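Trainee: Residue numbers (the numbering used here), protein chains in the order written: chain A, 1 to 622; chain B, 1 to 428.
For the record, the hints were derived by calculation from the structure and aren't laboratory data.
None of these values were measured; they are calculated from a predicted model.
For every residue, glycine included, the Cβ atom is placed at its ideal position computed from N, Cα and C.
Among the hints, a few may not be true.
To give a feel for the contact side, a few chain A residues facing chain B, derived at Cβ under 10 angstroms [said to hold, decoys possible]:
{"hint": "1", "residue": "ARG3"}
{"hint": "2", "residue": "VAL16"}
{"hint": "3", "residue": "ARG20"}
{"hint": "4", "residue": "LEU21"}
{"hint": "5", "residue": "PHE29"}
{"hint": "6", "residue": "ARG206"}
{"hint": "7", "residue": "TYR211"}
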Amino acid sequence: MRRLLLSSFVVIIGFVFVGRLSYLQLFSFSPDQVLEDPAIKAVYDYPERGYVYDRNGKLLVGNQPAYDVMVIPRETKTLDTLEFCSLLSVTKEDFVEKMRRARIYSPRLPSVLVPQLSKEDYARLQEKMRKYQGFYIQKRSLRDYKTNSAANVLGYISEVNETDLRTNPYYRAGELKGRTGIEKQYEEILRGRKGVKYIQKDRFNRDIGPYKNSRLDTLPELGKEIHITIDKDLQEYGERLMVGKRGGIVALEPETGEILAMISGPTYDPALLVGRERSKNYSTLHYDSISRPTWDRSILAQPSPGSPFKTLNALVALQEGVIDSKTKFTCYNGFYVGNQKKGCHCGGGIRDMNSGIFRSCNAYFAGTFRKIYGKYNTTDEGMDVWERHMKSFGLGDYLGVDLPTGAPGRIPDKGFYDKWYGDNRWASSTIISNSIGQGEVAATPLQLANMTAAIANRGFFYTPHIIKKIGDKGIDDPKYTQKRYTTINPQHFGPVVQAMANVYKYGTAKWIQIPDIDIAGKTGTVENFTKIDGERVQLTDHSIFTAFAPVNKPKIAIAVYIENGYYGARYAGHIASLMIEKFIKGEITRKDLERKMLEKTLEHEYAKPLSGEPFKINEYVW
Amino acid sequence: MSMSGKNVLKRLDWLTVLLFIMLVFFGWVNIYSTTLTENHTSIFDMSTLYGKQLFFIGISTVFIVIILSLDSNFFERFSSLFYMISLVLLLGLFLFGKTIAGATSWYDLGFFNFQPSELGKLTAALALAKYLSDIQTDLKKTKHQLYGVLIILAPVILIVPQPDPGSALVYFSLFFVLFREGFPLQYLGFALLFILLFVTTLMFGVIWVGIGLGILTSLFFLFKKPELKVPTLPLILFLVLCAAFSFSVNFVYENVFEQRHRDRFSLWLGLEKDPVRLEQIKKTIGYNTYQSEKAIESGGFLGKGFLEGTRTKGDFVPQQHTDYIFSSVGEEWGFLGTVSIIITFTLFFLRLIYVAERQKKDFQRMYGYGIISILLIHYFINIGMVIGLLPTVGIPLPFFSYGGSGLIFFTAMLFIFLKFDAARLSEL
Chain A
1 MRRLLLSSFV VIIGFVFVGR LSYLQLFSFS PDQVLEDPAI KAVYDYPERG
51 YVYDRNGKLL VGNQPAYDVM VIPRETKTLD TLEFCSLLSV TKEDFVEKMR
101 RARIYSPRLP SVLVPQLSKE DYARLQEKMR KYQGFYIQKR SLRDYKTNSA
151 ANVLGYISEV NETDLRTNPY YRAGELKGRT GIEKQYEEIL RGRKGVKYIQ
201 KDRFNRDIGP YKNSRLDTLP ELGKEIHITI DKDLQEYGER LMVGKRGGIV
251 ALEPETGEIL AMISGPTYDP ALLVGRERSK NYSTLHYDSI SRPTWDRSIL
301 AQPSPGSPFK TLNALVALQE GVIDSKTKFT CYNGFYVGNQ KKGCHCGGGI
351 RDMNSGIFRS CNAYFAGTFR KIYGKYNTTD EGMDVWERHM KSFGLGDYLG
401 VDLPTGAPGR IPDKGFYDKW YGDNRWASST IISNSIGQGE VAATPLQLAN
451 MTAAIANRGF FYTPHIIKKI GDKGIDDPKY TQKRYTTINP QHFGPVVQAM
501 ANVYKYGTAK WIQIPDIDIA GKTGTVENFT KIDGERVQLT DHSIFTAFAP
551 VNKPKIAIAV YIENGYYGAR YAGHIASLMI EKFIKGEITR KDLERKMLEK
601 TLEHEYAKPL SGEPFKINEY VW
Chain B
1 MSMSGKNVLK RLDWLTVLLF IMLVFFGWVN IYSTTLTENH TSIFDMSTLY
51 GKQLFFIGIS TVFIVIILSL DSNFFERFSS LFYMISLVLL LGLFLFGKTI
101 AGATSWYDLG FFNFQPSELG KLTAALALAK YLSDIQTDLK KTKHQLYGVL
151 IILAPVILIV PQPDPGSALV YFSLFFVLFR EGFPLQYLGF ALLFILLFVT
201 TLMFGVIWVG IGLGILTSLF FLFKKPELKV PTLPLILFLV LCAAFSFSVN
251 FVYENVFEQR HRDRFSLWLG LEKDPVRLEQ IKKTIGYNTY QSEKAIESGG
301 FLGKGFLEGT RTKGDFVPQQ HTDYIFSSVG EEWGFLGTVS IIITFTLFFL
351 RLIYVAERQK KDFQRMYGYG IISILLIHYF INIGMVIGLL PTVGIPLPFF
401 SYGGSGLIFF TAMLFIFLKF DAARLSEL
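Bound-form chain B, shown alone (with noise of 0.2 angstroms):
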């Protein structure tokens, strides 16, 4: 069953499509400052980025209306194939792929680089919704738990050795997924407590953490309710891996990182005393973060306005116009900028998980929040790099950041979806 032209574009669900069209837009006026040179040429310029990103906007409007147009059911339909493609074309890399800065993540298709990774983000997440809700899928069983991982670590296993571990970083957003759709939550608990694990021992090592796990679990069993019965060989067990855990994060922190890892920890969490050692750090692997952080500082409360950021100007801030394009809007925007910027992407989320919850399809809820978790980890990390909240991660901020694959599959992914939401109504 489809649709004219004429109802898809009344069902859309217009206030996205409006907070999408403010990202693009505004990320766009950033580029156009951050790349501008001194000879002012044309917007239309191909061989400037801001005339170049301008073409790509114009491509990935293209694909918004062949999106639309489609039939609904075609992605649901051949998701498993486009899951396979992309697996297919992440093993071809390591034949045929192009190195651009170390990395192997690329197709060189002449006048375009392919980067099958970004493909691959999308084609997971419908591979997942397709698998999850099939009405044979039970999250309960452990098998099909583990089928679910499975889809979502594939991809992850080809992209780590490109190396390009900002990309397989991603693919674990998928997870949210699987927590929204059954999957138990203890695993989620788990999670949280070995990275808080992780970084209590980095920060005050492995003696100082069994004090506090210790203090921890004599807290829980004075004030736990008398009626509460607590199994004690699980418990001693849960202890145990924790404590081992932590013993072997120093192991694994000293031998299996290498030292530009450890760096950059050591810059997060501030591990490094050596002054003289955290001056080099800090002019090497810290240096953006230095740089971005400072120009956002610059900005202060209403920025030095459009076309004035000194920082900007002088290209201090590495890679401005794509992973760091947020400290230009700090500097250039100022806390308005900045803070508005924050809302726009807070709403958009929040409305994107309002819409994905009222889809009557498991398929379509399941995708909605597989691209969502998609988008929401990019914008997580992104932003929390580059104002010196997470360490250093090279991905791009959705909708903002300068490049073509990027902008084209994030908008696919979003229209998608749009058109499902859509559609879901005929459908029934």
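In isolation and in its complexed conformation, chain A is listed as follows (with noise of 0.2 angstroms):
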């Protein structure tokens, strides 16, 4: 017994031994340690972010150095605070503040302590900088703005934020990340690949050398360098035009659906959110709920179309065999739904095809609309009809876009209108507002221009893309090189376009003609609501215009969508004739247009329904 006393206890340990030795090593080992291993340190190599270009090869963005002033806390040593603050031009209780994290952060590492010093405060802190140890300036790289418009195409980056982490493994807490616009859509071209290098730690956290001799390091894959669609001096111009206005421009190239310009109204400066200044400037913009201008409106605004829909419920109408360029309809200075008129404003009489369109006159589209509809035999099959009819044209779903956001618009189906007045209890003449663009329907400003390039086309177009070539090659994704046809055929569009040409000639906008240049164009007027203390209340009309020039060989096809601009012709005829003439000519002749188009605002308009008293609507004079 007392002989195998110590030899029991040796055999106990030693069993004790190789089972916890087992859960340690068995068990609890997991082979992506490395990973995690804290003597391991990954040190990324950031290749430089790619350049954009627009479709004439002009610099829009670059990179410029920014210099972060970092440190190291167990490092330092007592200093001169209030001098220090000073060259970094932050107050002593940020000061403090900031040593305070980063102490917390860790004692070892480096943190950022004023990130992104303008370029005058690096020179000068520059000289100074080996007077504070434990103090270091790292240079990061920032994008650089050579433009102050297209914020709203371009985007902008900010810091990888937790859940980019959770779903991404590719990103590390501190980099940056593309968030809304081509540098969201492209980013992992702009960003390239980081290289990484595995550096063996010891527990003070030094370096001691390569991680088994750098066999597991990678080589930066560099970011490669886009050319967009956008024609810079035409985004620059349209933001301009659009000073003291809300809505969205949008001008294609119909012959290879290359969007020229996408402006949204109001807009800010890109280069506001880069910059120590970022996070300020950022919230202004974001908290201001009242002009949005971090809401695209060339892209997610979503008002009736207006009259430019007539021009499809025309081609649909002879599409269908319904009518031709020669039927005639009676303006009533309006039309009757059962005993109830809807009004017109073209001033009445017989109207053909040309002038029911080139005076804008609803009765003839009511007219037209309910042939439609009438050919068959209910109101469902119909529907059906003039829904895929007006689907073809890129309308009622999401254009495809290669843009991080974008809405759908909307074309009504019968299921819409079942839901809501409930099955066969509608038929066309409930539905007669669509005629002239105005009930149900809804579309946004790129889908306007998107239809009006396929007028100019004659019947096809091409997804609207804003890429042009990535790297030093063309794009060649089928999704933006292939043809779109509408449902309907090219000999259709002669009538409708030359009714659009007599817009300009004779019609509603004939006196924002350009001359030497053949526009079509089709004015448009929405009536448009919001609630006042739970009260609708109408307000200004929206000031709708959808053109192409030159007519014969459409260069440019354009949608511009001005809130509150009243009629169509006034707000946004104006400008979209201003931008075909800048596209088309490169400069303006009719300054006194041009001037009074940068001049005028529409913030009183915006006023009135946030004054809380009475105001007036369309007013004439302006």
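Dock chain one against chain two, each of which comes alone in its own frame, and use the hints as you go.
Mentor: Encoded structure:
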């Protein structure tokens, strides 16, 4: 017994140890611990983010060096805090607080003390830096905008957040990622791939050489430059015209589907979201819930399209064979739905397609609309046909543009009305407002521009896109290089295009003709309402204009939407005409018209519903 | 009666020697790995720790030769003298000791720091064996039991104030010798019981321990054989003693222990419930254990390979060439390596116990048991601590850890015993 005492202890200890070791080394062990190993530090080598050029090779976005003041709290010595703070242009309280946070984060690891110094601060600080132990300047690369426009298209980059870190294993804390616009859409192309070096560290976090002789290290892959379809000059010009107005402008090149300009008003300088003031500026923009500068009206606003939609109804009716270009309707300064009269401003009289379009006659299109539905036995059938034709113009659904946001607009279908009125409880007369683009139809400015491009091309369009070249390779994605045909045969476009040209010659836009350029266009004036204290209140009409030019070989198709700009030829028409001239001629011949547009603002209109007082709408004087 | 050198080599227990060489060799390999720096130099470079350890191995070899060539009676004859000398040396520390890391445990000999508590282990084992093997000593007598205990405790009393609780703890292992030689086994039972009471009281509180004791007693009466008569008074006394001990645990824990001791226990037994405080303990006292567990864990089954341990290279585990050497075995050689070491040690101890039991002279067997106990407790506490089973106690792994005096004294201890074994046949 006593002889075995010690031996049994020895054996028991052996078993306990082996048990514990199998727990540690066999059960708790996981092979990907390398990533969590505190002894291995991954040092990343970030490639420069790719440049962005416009369609003509003009630089839009480059990079600029930025300088962060870093601190390693443990290595700091007592210093002249006041002097240092004034060098850094921070308050003493701020400095103390940041030092405290840095110490909490880690006394041994560097923290950012002051991010993104201005070049002037950097120059002043650089000489004196060696006086301050434990502080150093870290160079980084920031976006450098060569234009103060196109913020909605270009987007911005910002530090990755927790969600990004969780969902995408590529990113590490502190890295930058595209947030909106092309920065987000083409993130991986612009970003490139960071290289990584693994460094063996000791427990004091000091580097003691490469890990595994650098066998696992990778080289960075450069970010590629991209060319986008935006015309820098046109974009900048459009934004100048939009000052003081809310709305959107989209200009397309019909023969390619390239987006020439995409303007949202009000907008902001993209450089605001770079640098030291970034978060302050972002808050200001983000929380401006009245003018909403970060809301891209060119692809997110979904107003009723108004009269430009009439051209599509004309095309559908021609395609369906229910009218020809000579078919006439009588306008009684309006038209009747049952006993109810709906107004028209065309002047009245007998209208055919040509004058129906260039005078924008509501009665003509109400009649046309009824004929489309009258061809079919049931309203449901007629609705299906109408919906199919409309959707073939890229309306009522996301267009597939290569931008991270967008809106579908709306082409209502029979299900929509069945839900609204009940099955078989509605007819073409119930939804007659759709004939003049007012009722339930809705479209974004981008969709309006695309619809106009489809008319300009006499029956097809390319999916609008923003990318032109990646590196030095043009795009070959079939999504953007294959024609999308509408359901309307090409021969039906002739009369409609002719009528649209007459809009400028004789019709609603005859005061805004451009010398030497044939334009086809269509005005739109859209009633709209808001709620004030729970009451539905009508506001000044939205001004909408769609156009393409030159009529016979279109180079540009454009849609302009100006909130509360009154009738179509007023703000939208003027702006569209200036944009077309700018793009085709490169300069403006009608300086007075231009000056008028640059100077006029609609702020007084936007202030009306907020004033708390009764107000007049659709004022004649402007 | 002395033996020729040829004879002693022939009769040496070569199996033990082989296991010893394996441990020393593998220990050195790991010291090399943990202390290797960027500028690789010769393994004989005395400015490096692995070079120094190689030198210590050389010195130990010289000691082996000397020990084997001495008369085997030499140690028995002078054991009392050696013991007195070590006590004097321990006392002298209070006047002339050198303080390293807060403990006054060393004499500064210029080229070498000498730690008398190391020598004390050897001499205490000799003295205890000498006393117990005396024909007049009878462990059934309380007085003789007390003498035996005193031999063990005298150095402990001198070592605790240094303070060096780790070394002091080692001496308690000599109780195994007493138990082997007839010390009442109930004492061992009581000792284990009180350790159990201490731990359970800390973990569950006095009330639950009381309830537990009550349940155990009732079960005992329920299932005991009817014919077994239990003396009532001693049983009640015993239970009262247990209860009193349990009560006193909290008092001692809160008032006698210092915070750092309490932190060790709360970490070991998982007592701390406040997550902030727990984190703090883990970062300070628990840091070593945490790092060493992580290093061992990261080795997995096969290990990262010789010189490939990232945590070893990064020097993450403190004292990894001395007390925490086993963690680098775990990281670089994996489960295969650690288990091989455990098996080697287990075989080594079993072989030594076998050798001790075959001694014809009581003194030699008792001495054998003495050094086995000392080596075993080092092994038990050191590895237990490194793999996170026991609270942190700073004592080295015999033959393995870096350190001159440790290696030399452990080797001396072992070879004195092997010398006895080799001589046993010629001494009859």
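Trainee: Take the hints in turn and mark each one as holding or not.
Mentor: So, going through the hints one by one against the coordinates:
For ARG3 of chain A, the interface hint holds, the least distance from its beta-carbon to any beta-carbon of chain B being 6 angstroms, beneath 10 angstroms. Because the closest C-beta pair between VAL16 of chain A and chain B is about 7 angstroms apart, less than 10 angstroms, the hint holds. A distance limit of 10 angstroms between C-beta atoms decides the matter here; for ARG20 of chain A the minimum to chain B is near 5 angstroms, and the interface restraint holds. At about 5 angstroms, the closest approach between the beta carbon of LEU21 of chain A and any beta carbon in chain B falls short of 10 angstroms, and the interface hint on this residue holds.
The interface hint given for PHE29 of chain A holds, since its Cβ lies 4 angstroms from the closest Cβ of chain B, which is under the 10 angstroms cut-off. Interface hint at ARG206 of chain A: satisfied, since its Cβ lies 9 angstroms from the closest Cβ of chain B, which is below the 10 angstroms cut-off. Here the hint on TYR211 of chain A is kept, as its CB sits about 7 angstroms from the closest CB of chain B, short of 10 angstroms.
Hint compliance for this structure: no hint is broken.
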